[in-house]
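Chain U is already provided as a structure; the job is to place chain E on it using the hints.
Sequence order for the protein chains is U and E. To convert, note that position 86 of the first sequence is 86 in this note's numbering; the numbers rise steadily by one, no gaps. To convert, note that position 47 of the second sequence is 226 in this note's numbering; the numbers rise steadily by one, no gaps.
Please note that a few of the clues may not be correct.
What the hints assert, rightly or not - Here are the computed lysine-lysine pairs in the DSSO-like style, where the Cα-Cα straight-line distance is at most 30 angstroms:
#, chain 1, residue 1, chain 2, residue 2
1, U, Lys127, U, Lys108
2, U, Lys83, U, Lys127
3, E, Lys189, U, Lys83
4, U, Lys127, U, Lys159
5, E, Lys200, U, Lys127
6, E, Lys287, U, Lys108
7, U, Lys108, E, Lys189
To be verified - Derived list of chain U stretches under chain E, where covered just means 3 residues or more per stretch with a C-beta under 8 angstroms from a C-beta of chain E:
#, region
8, 29–40
9, 90–101
No lab work stands behind these hints, which were simulated from the structure alone. Cβ atoms here follow ideal geometry from the backbone N, Cα and C, with glycine treated the same way.
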Amino acid sequence: MIPELEIKDLLVDSQTDWFYLGEIDEDLISSFVALIENRSDFLLLPRPSRRRLVSAVVECLQNIQNNTPAISKPQAGSVVFMKQFASGEFGVTCGNLMQTSQVDVLQKKLDRINSSEPEELRDMYMKQMEISLNSGSRTNAGLGLLEIARAINGPIKYKFLPQEGGLTFFSIELLLALN
Amino acid sequence: METLHIHHTKTTPSIFFDATKGEFRITGRSIPADATVFFASADKWAETFAATFSGDFMTIEIMLDHLNTGSVRSILTILTRFLRMKSRGIKIIVDWHYEVEDEDIRDKGEEMSLILEHPFKFTSFKYPE
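Bound-form chain U, shown alone:
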């Protein structure tokens, strides 16, 4: 498990109003979505905007573990933050430990997504979905990252923070507008 104090030192600041460390499961996703959907400012958004926002958050939660291949020791536990900004925006950060040796592959994938136009993202998504469907694979193979980029309509903000023991803390931060 990621040492909680260490993670707090790395990422938590005065704007953080929600923090979670542990496995991301069905209950967490359900609770976190409810946390967002119960906000009064969220309810003022047009329904399609609400849907897009929830989609981005769900994919972020569900893919942070998928994109950080399992490591045995220390056992990885994902972290989720929610930060409140005065401008009416809020940030959701999801992170996990990964093997440093796999950072390059993931970073290239993210950079390729971030440099792609919406139409390219759509084509990449459909091509990847077809591959996933035809292969019978159970993994999302980068589909979630593509879905996040499409939902937020912009580049995915990410960080790789090197840790000891050949590990790196990988995180994605979504900046979500509620106005």
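Relative to the frame of chain U, chain E by itself:
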């Protein structure tokens, strides 16, 4: 063939497949952590149904307000099983419902239609104010 009825939860949709009544529906929110596990029984049901159905046509209605990537893949897998019946001359109608202003959900249906190389019927609706 037994009716399949899975009730919705906060993260999973309602699935109602009734071969006797000819009703096939997936409705609600579909954001399960493991979509393959959630849709496994529906997938199995679709496989059995597709192998034995002797009618002329079937319509499957899909009305989802959220669906994650895992759900898209699982629903595509289920639709693929139904669509195999086309080789026996059975007409398959996929009726994709979306809120009138929610272009994202409509686009998702169009993408799935393109992947399956099968035209969907698109039906818009409006939630009551």
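Q.
So, against the hints stated earlier in the document, which numbers end up violated here?
A. Per hint list: 2, 5, 7 and 9 violated.
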